[in-house]
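**Q** Chains as they are written, first to last, in our numbering: chain A, 18 to 292; chain B, 3 to 377; chain C, 4 to 295.
Bear in mind the hints are in silico, worked out from the structure with no lab data behind them.
Misleading hints may appear alongside valid ones.
What the hints assert, rightly or not - Here are the simulated lysine-lysine pairs, DSS-like style, with alpha carbons at most 25 Å apart:
id, chain 1, residue 1, chain 2, residue 2
1, A, LYS279, C, LYS99
2, B, LYS301, B, LYS234
3, B, LYS132, A, LYS279
To be verified - Just a sample of chain B residues kept apart from chain A, beta carbon distances all over 10 Å, derived:
id, residue
4, GLU73
5, ASN105
6, LYS116
7, ARG134
8, VAL197
9, SER221
10, TRP259
11, LYS301
12, CYS329
13, ASP351
14, PRO359
Cβ atoms here follow ideal geometry from the backbone N, Cα and C, with glycine treated the same way.
Spelled out from the first residue to the last, the chains are:
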Amino acid sequence: MSRRAAIGILWHAVLIALLLAMFYPIAFALSNSFKSISDAYSSVMELIPSRPTLENYSRVFSRLDVWRITANTLFIALVASVFKVLTSILAAYAFTEFSFPGRGVLYFVMISTIFIPFNVTMLPNYLSITSLGLNDTLVGVALPQLCDATGIFLIRQSMRTIPRSILEAARMENRSSLGMLTDIVVPLTRPAILSSAIIFFINSWNEYVWPVLMLKSKENFTLSLALQMYISSEGGTEFTVAMAVSVLAMLVPFGLYVMFQKFIVSTFTSSGVKG
Amino acid sequence: MKEIVMENVCKSYGGTGVVSDLNISVGSGERLILLGPSGCGKSTILRMIAGLEDITSGSLYLGGRRVNDVESGRRNVSMVFQNYALFPHMNVEDNITYGLRVNRIPRDEIARRKAEVVNMLELSGLEGRKPRELSGGQKQRVALARAVAKRSDFLLLDEPLSNLDAQLREHARKELVKVHEKSGATMVYVTHDQVEAMTVGDRIALLSGGTVQMFDTPSNIYNRPANVFTAKFIGAPSCNIAPARVKGGRISFGGEWFAPGGRWREILSGRSEVRFGARPEHVHLHTDARPNSVRAVVKYSENYGNRTSVFTSVGETEIAVSGEDICFAPGETAYLSFDPDRIHLFDADTEENIGYPDDTRRGEDDEFIYKHNVA
Amino acid sequence: MKNMNVKAFLMLLPSLSVFGAFMFWPLARTFYISFFEWNMVSPVKKFVGLGNYAALLGSPLVHRVLGNTAAYALILLAVNFVVPYVLAFVLSQVVKRGRALYKGAFFLPSVISLVVGSMIYTWILNPISGPVAIAAQRLGLSAPIWSKTEGAVIVVLSLVTSWKIFGYNFIVILGGVSGVSSEVIEAARVDNVPLWRIFTDIVLPMSSATGVYLFVMTVVQGMQFLFTPIRVLTMGGPNYASSNLVYHSYHEMFVVYRTGTGSALAVITLLGFAFLLFLEFRFVEGRVYYES
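Could you build the full structure based on these sequences and the hints that come with them?
**A** The structure is reproduced here in structure tokens:
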């Protein structure tokens with residue numbers, strides 16, 4: 018065997034080991050969620066449960082209003098991702114198709130919001146939402162999340178790859194700017210729009226910081242908040258139930274990722290190149 | 003009423019002039035070629051007509067209407083782009099009918115026009131394909147079909163054949179002329195290719211540095227170039243141009259003298275210097291001295307199969323000769339003679355053509371003004 | 004053209020108003036609050052000028068938090084910047100097979116909630132019944148109670164956060180590294196340049212735009228991502244040993260209701276990030292960037 022082939026195999030081994038380490042927590046949660054609590058304690062290392070059971074899941078459903086919690090999470094995630102995509106498309110289009118005074122500066126300012134940490138805005142946003150009377154409501158959670166600089170950036174990057182002449186050809190047909198956006202620009206930037214939407218949805222689904230500040234009453238809880246109840250120190254005996262809740266919380270992002278993996282990965286691959 | 007008139011049109015980007023003081027009028031149904039090297043402003047002019055670029059100053063009239071401030075979509079123009087600009091997510095049929103649908107043309111009318119252009123441009127069977135499934139030639143035909151289906155009064159083409167290979171180009175060129183004749187629109191066609199310009203155009207506006215060098219019929223542009231730039235740009239191999247001295251009706255370059263004779267005596271009187279021009283295909287090559295011939299030494303020759311180019315030097319001046327059956331070896335002495343009617347003399351400073359011995363030869367093209375020949 | 008400006012403005016209006024109301028206005032307000040002493044509910048705010056900042060900079064507790072923040076940054080960068088960079092190079096030059104598979108798989112944990120991650124990791128690292136503890140026991144070692152051990156707590160929380168960041172960073176940097184012209188690398192190979200020098204002399208400088216961006220983002224995002232495991236698992240403890248700047252400002256604002264100092268800490272965080280951003284621009288100067 019040549020030296021190069023040996024090095025190749027070595028690196029594959031490293032990569033696969035890393036991959037296994039990264040997948041282990043998922044496998045761990047999955048397998049223990051199907052074990053009875055006593056089995057889990059006696060054979061925690063066992064990745065395939067010897068006596069699989071659904072009791073943890075039925076306990077979750079009997080103890081938590083899973084449907085309500087899921088509906089809350091879904092509502093916020095849908096509102097946030099739909100609005101983020103819409104506002105991003107419009108803004109990206111304005112920055113691509115029109116030249117107006119101050120365009121460069123404005124774009125820079127809007128994109129710079131990527132670098133603003135949430136602790137800078139959370140207190141005043143908390144105060145604003147409270148003064149609007151939206152504290153402890155789902156709308157209050159969604160409201161500050163209706164726009165996202167990442168979306169503007171990703172979608173604009175994609176819009177910029179459309180040859181100018183294609184837009185000019187549409188303009189010569191007497192098509193309005195908004196008409197061109199719907200007929201030409203959006204269909205041609207679908208991958209970027211779709212992957213932004215998925216990422217926004219997943220992020221909002223997983224969001225913890227802002228909902229934990231906003232939501233107090235249990236009937237408004239999202240999945241992340243419900244999950245948190247099982248982490249506290251006294252949650253110790255509930256180990257397998259906690260794993261079942263984890264699996265349930267992972268399910269949706271997981272499924273979306275598997276479905277749209279190609280779009281998402283390629284959008285991020287090309288996004289990083291330009292920052 | 004399909005004329006295009008440009009009056010003192012200027013275009014500049016932030017103080018840099020791209021097109022200056024353009025005055026061109028194109029007749030109804032005519033084919034105008036905007037020809038010139040890259041960066042000469044020809045595409046900018048086309049884009050100003052299309053409404054894709056603002057006009058800095060001057061007036062543009064389409065069909066008698068001043069359209070400077072009219073939006074592109076309301077100018078009744080259609081355009082074929084260099085890269086075709088087909089909508090990648092629409093199939094051929096949707097590409098062709100998009101503009102018609104947007105402009106709310108009745109459905110049966112759309113169907114009729116689509117059938118017509120599909121037939122005209124031999125696109126049948128391709129209607130359902132996406133642009134990426136088409137060959138270069140097919141894309142070009144779809145782009146043309148889309149423009150023609152619009153039935154606008156003005157058809158603009160921006161180097162429409164430059165992305166095709168040589169064989170296809172010739173076919174596409176002929177097809178394009180046929181399609182235009184059926185449509186009856188006034189056509190403006192941008193190219194840097196002189197063969198396209200000569201074969202497609204009714205008239206050619208030759209541009210350089212944002213100004214018109216000559217605006218005339220292909221035949222006049224070739225036979226009676228208005229200036230040195232025009233003479234050299236048109237024709238391959240390129241026209242011989244040599245600085246020459248003048249004395250008593252005789253011309254000298256490379257230390258050799260000859261008398262063009264006839265009315266040239268009159269035209270040359272009072273001048274001591276000119277630029278002498280003769281197209282390689284109009285220079286005669288002899289093995290022995292003739293009256294009024296100049297002596298040259300053959301440097302090398304290139305065989306193109308159907309013709310041969312022989313490069314000679316007359317003293318320090320290089321003169322190319324091209325013809326069908328000429329056969330000279332490097333180092334041989336040869337004698338060059340010039341047909342007085344087929345030489346061009348230009349002012350040494352302005353490089354403008356100073357005239358022809360026989361002005362009646364222009365008869366066939368007289369309806370056009372020989373604008374730029376300022377002697 | 005005026006018409007065009009109006010259209011552009013109308014299209015920007017939705018994003019501008021959201022950003023204005025929930026990004027720029029709060030930013031200014033936090034800045035303002037940082038000059039006051041205020042417990043969030045009292046109707047009076049007491050103006051203290053730069054007092055909050057002075058108090059923070061003199062506080063040993065804040066020094067500790069700053070130290071933790073630096074430690075977090077170092078660990079996060081080592082795990083999520085250096086390692087992915089090298090692996091991306093390996094995948095683009097040494098082993099080319101399976102690239103798409105690795106990309107897709109490494110990214111997967113990035114879509115999982117940090118709360119879920121925190122939860123799973125606490126159980127994996129449970130000092131009595133967790134698999135790590137059991138494995139250590141079998142080897143005759145004892146696993147420390149990480150959540151009570153200074154130092155270890157930072158390592159574990161960084162690990163949980165890295166689980167989230169690693170995959171994203173990996174595909175971004177892989178994009179940058181693959182963007183390096185293969186002809187340049189082949190030219191170096193023909194000249195018998197060793198692989199590691201190809202990495203340091205060619206790939207690193209040629210992918211530096213992506214690299215610097217990712218460096219900054221790893222710190223900026225990482226500090227914010229850390230908030231969740233800190234809040235969920237340790238609440239900054241033991242004895243502030245796991246608190247970072249972002250968490251500590253939250254702690255000041257929403258736990259002990261010192262909104263002035265909390266805001267001042269937030270402003271300090273922002274200034275730190277702005278400094279990183281400034282460095283980024285210096286480094287990638289002359290390259291195609293946000294505005295080309």
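**Q** Evaluate each hint against the coordinates.
**A** Each hint tested on the structure:
1. Taken as a hint, the A/LYS279 and C/LYS99 pair is honoured in the structure, with Cα atoms around 18 Å apart against an allowance of 25 Å.
2. Note on B/LYS301 and B/LYS234: the hinted pairing holds, with a Cα-Cα distance of about 21 Å set against a maximum of 25 Å.
3. The straight-line distance between the Cα atoms of B/LYS132 and A/LYS279 is roughly 22 Å, inside the 25 Å bound, and the hint therefore holds.
4. Not every C-beta of chain A lies more than 10 Å from that of B/GLU73, the closest at about 8 Å, which undercuts listing it as non-interface.
5. Against chain A, the non-interface label of B/ASN105 is violated: not every CB pair exceeds 10 Å, the least being about 6 Å.
6. Once the 10 Å rule is applied to beta carbons, B/LYS116 is consistent with being away from chain A; the minimum gap is 15 Å.
7. Distance check on B/ARG134: its Cβ is at least 12 Å (rounded) from any Cβ of chain A, clearing the 10 Å threshold; non-interface status holds.
8. Here B/VAL197 stays apart from chain A, with its beta-carbon at least about 25 Å from theirs, past the 10 Å limit.
9. Annotated as non-interface, B/SER221 keeps its C-beta farther than 10 Å from every C-beta of chain A; the closest such distance is 33 Å.
10. Every C-beta of chain A lies more than 10 Å from that of B/TRP259, the closest at about 56 Å, which supports listing it as non-interface.
11. Non-interface call for B/LYS301 relative to chain A: holds, since the shortest CB-CB distance, roughly 46 Å, exceeds 10 Å.
12. Residue placement check: B/CYS329 keeps its beta carbon more than 10 Å from all beta carbons of chain A (closest about 50 Å).
13. Distance to chain A confirms B/ASP351 as a non-interface residue, since its nearest Cβ pair spans about 42 Å, more than 10 Å.
14. The non-interface label for B/PRO359 is consistent with chain A: the shortest C-beta to C-beta separation is roughly 48 Å, beyond 10 Å.
Figure legend: structure checked against the earlier numbered hints; hints not met, in rising order: 4 and 5.
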